[in-house]
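Protein chains in written order, with my numbering: chain A, 28 to 149; chain B, 11 to 322; chain C, 7 to 416.
None of these hints come from the bench; they were simulated from the model. Ideal placement from N, C-alpha and C gives every residue a C-beta, glycine not left out. Any given hint could be a false lead.
[Stated by the list, open to error] Derived, one-sided and incomplete: chain A residues facing chain B with beta-carbon distance under 8 Å: (1) Pro35; (2) Ala39; (3) Ala42; (4) Leu46; (5) Thr52.
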Amino acid sequence: MRKKQERPGGLAGLAIKNLFRKPATQVHQFGEEGIQKGYRGKLLYDPSSCINCVMCMRDCPTGAITIKNFGTKEDKQMHAYLNMGRCVFCCQCVDTCPKKSLSFSSDVLLASFTRESLEIEL
Amino acid sequence: MLLSIFNVLVFPGLLFLGAYSFVLEFVDRKVYARMQSRKGPPWYQPLADMLKLIGKKVIVPRNAQKFLFAALPTVSLAAVCAAFLCVPVWGATAVTAYQGDLVAVLYLLTIPTLCHFLAGYNSHEVYSTIGAFRTLTQMFAYEVPLFMAFLSPAILAGTWSISGIAAFYAVHPLYTLINLPVFIVSLLTSQSKLERMPFDAPEAETEIVGGALVEYSGRYLAYFRGTAIAELTAIASVLAALYLPFFTGIAWLDFVLYLAKTFVIVLMMVLLRATMARIRIDQTLKFFWSILTPIAMLQMIVNLLLRGGLGL
Amino acid sequence: MSDRNQNERNNKVVVPIGPQHPSLKEPGSFKITLDGEKVERAVVEIGYNHRGIEKACESRNYIQALYIIERVCGICSHAHTLCFCQAFEELAGLEVPRRAHYIRGIVGELERLHSHLLWLGVAAHEIGFDTLFMYTWRDRELVLDLLARIGGNRVNYGVNTYGGVRRDLEPELMQDILHVCDLLEEKLKYYADLALTETTLIARLKGIGVLTPDDVRKYSAVGPVARAAGIEGDVRVAEPYGVFKEIAVNVITDDHCDVYGRTLVRVKEMLEAIRLIRIMVAQIPEGPISVRAPRKLPVGEVLSRVEAPRGEDIHYIRSTGTDMPDRVRVRAPTEANWHGMSHMLEGFQLADVPIIIAAIDPCYSCTDRAIHLIGDGINQLTDWAQIRALSIEQYKSRGIDPGSIKVREF
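Isolated chain A, as found in the complex (with noise of 0.2 Å):
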């Protein structure tokens, strides 16, 4: 590049220009999301389809999933834990599902005040 003039405040065209525009700061109301599609989020079980192989719970890399079988083999009753406080949100769980029983929703306001309510069922 050519040697150009070396002058002090060169910014303040810009940081004028920038004085009668809107700022770049985002409004965000509590509640609604305003984020991207496919961003991961909480999980969703389907208990219809899961066949109690527990695959997903072999591959989660912090045992945040859990699957209990409350019936016997023939006639299931499916229930799943996550414990979200351990959960990272990698999503590894709906790859790993050989029939597609889990997805994950955009929720993503999952805060609580208690370390109990981060255990919640699927």
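Given chain A's structure and the hints, the job is docking chains B and C onto it.
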């Protein structure tokens, strides 16, 4: 008698100084934020900050002298308030105007810097000592150009009183154009006196965590911050009186003009603050002594010759 | 103690920068001995961010370990997963489809963009230039929104998996990528111009933190730190991987050897990354995005390296035939750049210390790996079993018995 008490305490004295310095501080922060395409604080932010700080607990370091710790903020705030009383707020009249009050104002405005240094040195802590020494070093850098820059218009006007200078330039407005180089010099030296970007080295947050005032908290920190914003108002008013001479003679219109003039000066200072990085302390010294001092000296000589030559 | 008395007699002061300091983004301890404003000696201590990543990987299977490796660092997460996946695929003998290589390349270059924009903002903040900090982070939001649409998260986007990628790029998304590239190119040219002409910026950055080419070889610096000294070292050219076997990269070097040179190298690398993204989006082939990967690896050991935004990133895996790795070693690029730090700090002023530290773009979380025990007659590198035995002994001496706690097995 009652009128002079009203003048000193309410308008254009202490209460007006307090209210107007909050307004100018808000303008400073809001325009700075908008230049960075941020939203900026709401209008009551400086007042809220001051009230919050006054309510907090004061922690005095074990090695510091308690009396000095408490006295320094109060003294510096008092000095700035006293300096403001000599500045003309509408037209060419101030609360107290006398021959030589320009020099008195400049000396009174040096007291906050010395208090800043003593506060840092008194805290006996690594970061605050370094910040205190940097404050003093920066004072060695800007004192000479500051005095020469502020006294040059006085030489051309032939009087040492701020109100007298304002009145002179109101009558001969074209002579202000002669003072243009030294206007830029005084803007830069005021920026350095107020320890704002780009001459921010005594209070560098990323190097020495907060400079001389690291150990201050609670209401003493509130007084120091009040000093900073009152100093901004006082210096902006002095600059407006010395360099921007527009008067109409009607009292309330002159007051509105005064507000507009200080607003413009603060806008220029914010532009300086937003567009440059912080330079090191040795670079500050070099810049002030090698570039600004010769300009100010030259201007002083030119003004002297003009004064003698024009026979004013 | 005598050291401190010596310092006091000579009017020298020891300033502790860290572990908690406004200029450090992560904890690290630098004890600077000052003579006036000049730095005489700098003692660098890191290790506050050690989390046991390698141990965590060795007690999990490969699929779990991938997500642990991703969270080594938040900013260069894609580079770490890419390196790990490459190592796995090499040992397993998998042939990754071409479309997956291109998608990995696009995400990798977008990551380079957002990492360098973050660095530019942080460096501007260290020298007090808050306006540039706000502007670059505002522009970084464009890239982060794009990455959220591609991967599903703004950082730690889990795009890589063994055998390919997990998500595909739709044509609409590719148009948006090109649009963001156009917007960013204009802004980056403005920043490059600013870096070349702004007086205060040049005054703060020039002549600081000098590392000559001989020093770079002696202290084994990698990445933009080495390239700013004129050494052409870039893994994408030296040992091409993935999409870079088909696309040639221009290696950006500079001759300044100081912090200013590193700034220029990073800004020009951003423009180069935009050029590469445009080529990749134009040339991306159709096809599958992944192949099926086995769960167990054959016996062997493999080393793989990629060019992360901060330099050369090396991963080593040793496998004994099971579905859990036997030994994982992550050598992040910042680990190689730390060695020259005390040399770079000495002789400059206190005001330069934050920017010199920030100029190597330190990622403390990436760095803290091994444990080096010093003191009490021990001076050696130890492994997990020895450390566990040592710590159980220490707790027993205080009356607590942790030997009965079972280590969690997965």
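The hints, checked one at a time:
1. Pro35: 6 Å, holds
2. Ala39: Since the shortest Cβ distance to chain B is 5 Å, the answer is holds.
3. Ala42: 4 Å, holds
4. Leu46: 5 Å, holds
5. Thr52: This interface hint holds because 5 Å falls under the 8 Å limit.
Violation of the numbered hints given earlier is absent; every hint is satisfied by the structure.
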